[in-house]
Amino acid sequence: MKKHYFPKTLFQKLIFTFIIMAAYLVGRELPLYGVDLAAYEAFRDKSADLIMQTIGGDRYKTSLLALGISPFMFSTLFIQMIVAFKSADSKSHTSPKKITRATLILMVIWASVQAYLTTKSTIYIYDGGTELILAKIISGVEMVTGAFVILWLATRNGKYGVGGQTILIYVNILDSVVQTVKGATFKELKAIGVISLIALLFTIIFENTEYRIPMQRISIHSIFSDKNYIPIKLNPIGMMPVMFASAFFQLPAYIITGLASTFPDNSDLQWLGENMDTNHPFGIGVYIVVLYVITIIFSFIFISPKNLAESLQKAGDSITGLKAGRKTRVYIRNRLLVIAIFSATFLSLFIALPLYMHMEEMIPASVMSLPSILIAMASINCNLYREFRAVKEYDAYIPFI
Numbered sequence: 112m113k114k115h116y117f118p119k120t121l122f123q124k125l126i127f128t129f130i131i132m133a134a135y136l137v138g139r140e141l142p143l144y145g146v147d148l149a150a151y152e153a154f155r156d157k158s159a160d161l162i163m164q165t166i167g168g169d170r171y172k173t174s175l176l177a178l179g180i181s182p183f184m185f186s187t188l189f190i191q192m193i194v195a196f197k198s199a200d201s202k203s204h205t206s207p208k209k210i211t212r213a214t215l216i217l218m219v220i221w222a223s224v225q226a227y228l229t230t231k232s233t234i235y236i237y238d239g240g241t242e243l244i245l246a247k248i249i250s251g252v253e254m255v256t257g258a259f260v261i262l263w264l265a266t267r268n269g270k271y272g273v274g275g276q277t278i279l280i281y282v283n284i285l286d287s288v289v290q291t292v293k294g295a296t297f298k299e300l301k302a303i304g305v306i307s308l309i310a311l312l313f314t315i316i317f318e319n320t321e322y323r324i325p326m327q328r329i330s331i332h333s334i335f336s337d338k339n340y341i342p343i344k345l346n347p348i349g350m351m352p353v354m355f356a357s358a359f360f361q362l363p364a365y366i367i368t369g370l371a372s373t374f375p376d377n378s379d380l381q382w383l384g385e386n387m388d389t390n391h392p393f394g395i396g397v398y399i400v401v402l403y404v405i406t407i408i409f410s411f412i413f414i415s416p417k418n419l420a421e422s423l424q425k426a427g428d429s430i431t432g433l434k435a436g437r438k439t440r441v442y443i444r445n446r447l448l449v450i451a452i453f454s455a456t457f458l459s460l461f462i463a464l465p466l467y468m469h470m471e472e473m474i475p476a477s478v479m480s481l482p483s484i485l486i487a488m489a490s491i492n493c494n495l496y497r498e499f500r501a502v503k504e505y506d507a508y509i510p511f512i
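One gets the working numbering by counting positions in the sequence shown from 1 and adding 111 to each.
Everything labelled a hint here was simulated from the structure, so no lab data went into it.
Some hints here could point you the wrong way.
[Said to hold, decoys possible] Pairwise CB distance ranges, derived in the manner of DEER restraints:
| hint | residue 1 | residue 2 | range |
| --- | --- | --- | --- |
| 1 | ASP238 | GLY369 | 22 to 30 Å |
| 2 | GLN123 | MET470 | 45 to 53 Å |
| 3 | ALA150 | VAL260 | 22 to 30 Å |
These numbers come from a predicted model, not from an experiment.
Think of the CB as a built atom: it goes at the ideal place given N, C-alpha and C, for glycine as much as any other residue.
Just need the whole structure built from these sequences, with the hints factored in.
What follows is the structure in structure tokens.
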């Protein structure tokens, strides 16, 4: 039987991850069929939505990997949300194969829609006719194919490297930070740089700080019984709200824009359409509300008080001083709600302040997303550090395996 190479040590895993990163960077430089690359030189270093770029591919949607990792991330998130609403018993009967199949089907649909919308806004070298239609079809197929190439790279890295799919996001984050800092003056970076460093510091603290709910286990009666607890991070779901707030904000924006174009005589809809962006107070307010909502909802989905209480009850365990069941669920729910609101407030402060400063023309649009980027970067760094430690500790046991 053929023995496959499987990297075990941290060094081997890092080498494999660097190979994956190199392949990803090469893919970002492969142009789509028929795209007018010269036309995009005018937009270089002008794009402001750095957050969406981190889960997208290249900055200007002109390469084979134009869609980036976003189709895979959104599809995975959507399926996970559906699974999260199921009971613990229902989850146990849901096979990983079925979840994977549903994720891939949704990813094909999502990537196809994204590719279609991207081709409509892409600049091609053809002016019209059959050649332009053919170029759009070919480039659309290339983008969907590129999304699955990224999926393959992410899964390979998750199995043989370090960082999983987030390492590809990390590449985009580093690229965005470098391009932003390189294209800005010291005067432009001074104020936003201070805010970004403070956001970075607080993110590291919150990522490594947890609220502990004391519990008692029926199977432990030693001195360690006092050290049992349910940990909840002060930043429960990490970078997810930061990464997805821009995407979810587009939903009401598209709805209002569609209604405004359908009813052009309605002054209220016209006002909403004109102000539904992050350059106006109303749009900033909606953006922050969206951030709060998804932070709280995602926290309750991925740290389900109901499923957690059911698991404790089945194991015969309980929170200290509370009976298992409904009281435990309510207690966890209330604590999680407070932590989620606290996390949302922290994120909102460091995201709303740069938006307000840009609205008042205190900072340029090219740097206003820098705090958000560094928050995501800090969250990924903390997770990578934990993974490095786990692999490093595993290295010590290799001589005995």
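Here is how each hint holds up against the structure:
1. ASP238 x GLY369: 22 to 30 Å: 29 Å, holds
2. GLN123 x MET470: 45 to 53 Å: Holds, at about 49 Å.
3. ALA150 x VAL260: 22 to 30 Å: At roughly 25 Å between Cβ atoms, VAL260 and ALA150 fall inside 22 to 30 Å, so the hint holds.
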